[in-house]
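Q: Chain by chain, the residues:
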Amino acid sequence: MMNYIDLHAHMVSRTTDDYHAMALTGCVAVTEPAFWAGYDRVSASAFADYFKHLTEFEPQRAAKYGIQHYTWLCLNPKEGEDRALAREVLAIIPQFLERPNVLGIGEIGLNRVTRNELATFIDHVELALEHNQLIHIHTPHLEDKYKGTKAIVETLASNSRIDPSRVLVDHVEEHTIRMVLEHGFWAGLTLYPMTKVSPSRAIDMLEMYGTERLCVASACDWGPSQPLAIPNCMFEMRRRGHSQQWIHEVVYANPSRFLSQNPKFRLAPLEQALVG
Amino acid sequence: MQIEGSCPRTQRELIELEFIEHRTKILDIAAFLDRFDRSIEHNANDDFRIKAFREALAALNSSEFGRVERIQMLLSDLSSELRAERDGQSAYGAAKESEQ
Ligand SMILES: [Zn+2]
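Chains as they are written, first to last, in the working numbering: chain A, 1 to 276; chain B, 277 to 376.
These aren't lab readings, by the way, just hints derived from the structure by calculation. This one's a predicted model, so the numbers in the text were calculated from it and none came from an experiment. Backbone N, C-alpha and C define an ideal beta-carbon position, used for all residues, glycine too. Heads up, a few of these hints could be off.
Said to hold, decoys possible - Now the in silico label distances, taken between C-beta atoms and shown as ranges:
hint, chain 1, residue 1, chain 2, residue 2, range
1, A, R257, B, M349, 28 to 36 Å
2, A, S45, B, D304, 42 to 50 Å
3, A, S13, B, R288, 40 to 48 Å
4, A, N232, B, D304, 19 to 27 Å
5, B, A320, A, P269, 55 to 63 Å
6, B, R288, A, D49, 37 to 45 Å
Produce the complete structure using the sequences and hints provided.
A: What follows is the structure, encoded as structure tokens:
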């Protein structure tokens, strides 16, 4: 069995059965970006509770299955429209950044690509720069993806303080992958049934663009999604005729390279030896 | 980007592995369009999503490489203007005409 890292998994919305299944299929680490609760939260204290959950309870729950749990903090793009709330939440994030499983700011970005969402995104980028944090970015869905990804890439490219190798732009698809990779960012392919990419399409893009700076993730949450999306994709990669080394690069070595830029991300010694 | 020879399977192997799966998908699309025609009330023939869907089907017929990317663009909002304010939480899957 080959080990893998799922760098986008909303485990607060998954059961312990999912942790169990992920452990059985070789998952050694997950990173959990802060996201939407299914409704707009009304106060900064609701976010403080959520950040506590992500940094205290969830890593303990994962550890019971031998899975290392890391997280990213932010007010997510679906709530970015509320500028007053965003300012309050941005003010409480720094007190959580030193916690041992926090890898950076995310998943920030755009949802319906509004002026306020962009302003909230820029505020989060400034916070990340101020605290020297890695950045994990959510790009919008469906018809909004192209224009939203373009706005995000242009905003970041115009900021000379941004080091693109410390930024991962997630949920790329066939029409957005090129602009993300060409600007030097890491790119994430999301294996999400219906609204994102299938394993076959993710593999197509990996074959055409090469494996450098590309990762795959499940983005499993409370919607129709699959916590075992990565092992399913690994099966499809083998069926397509790819080597064990090629698969290992995509599902383990690459996420490890990106995440290790934060020294808090440390795989268990045996796992570390495999990265090479 | 490398296109030529980037898929490690031969065409013969791809047919053996994937033909039935995609045969099923094309029949599902045909059945959806027939169901749309059989509908109890014809009230959305000019819906922006069904229009984009029909354009995407036409693009599928092309013999030129790059079909996925072109269809993605047909199903995208190509304007670069930011919305003045949020109109809801979810996207629709195709751009409304006023936004193109
Ligand atoms: Zn997410």
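Q: Each of the hints needs a verdict: does it hold here or not?
A: Hint check:
1. Our hint of 28 to 36 Å for A/R257 and B/M349 holds, since their Cβ atoms are close to 31 Å apart.
2. A beta carbon spacing of about 47 Å between A/S45 and B/D304 agrees with the range 42 to 50 Å that was offered as a hint.
3. Under the hint 40 to 48 Å, the C-beta atoms of A/S13 and B/R288, about 43 Å apart, fit the expected range.
4. Between A/N232 and B/D304 the Cβ separation comes to about 21 Å, which falls inside the hinted range of 19 to 27 Å.
5. Judged by the Cβ atoms, the range 55 to 63 Å given for B/A320 and A/P269 holds: they are separated by roughly 60 Å.
6. For B/R288 paired with A/D49, a C-beta distance near 57 Å fails the hint of 37 to 45 Å.
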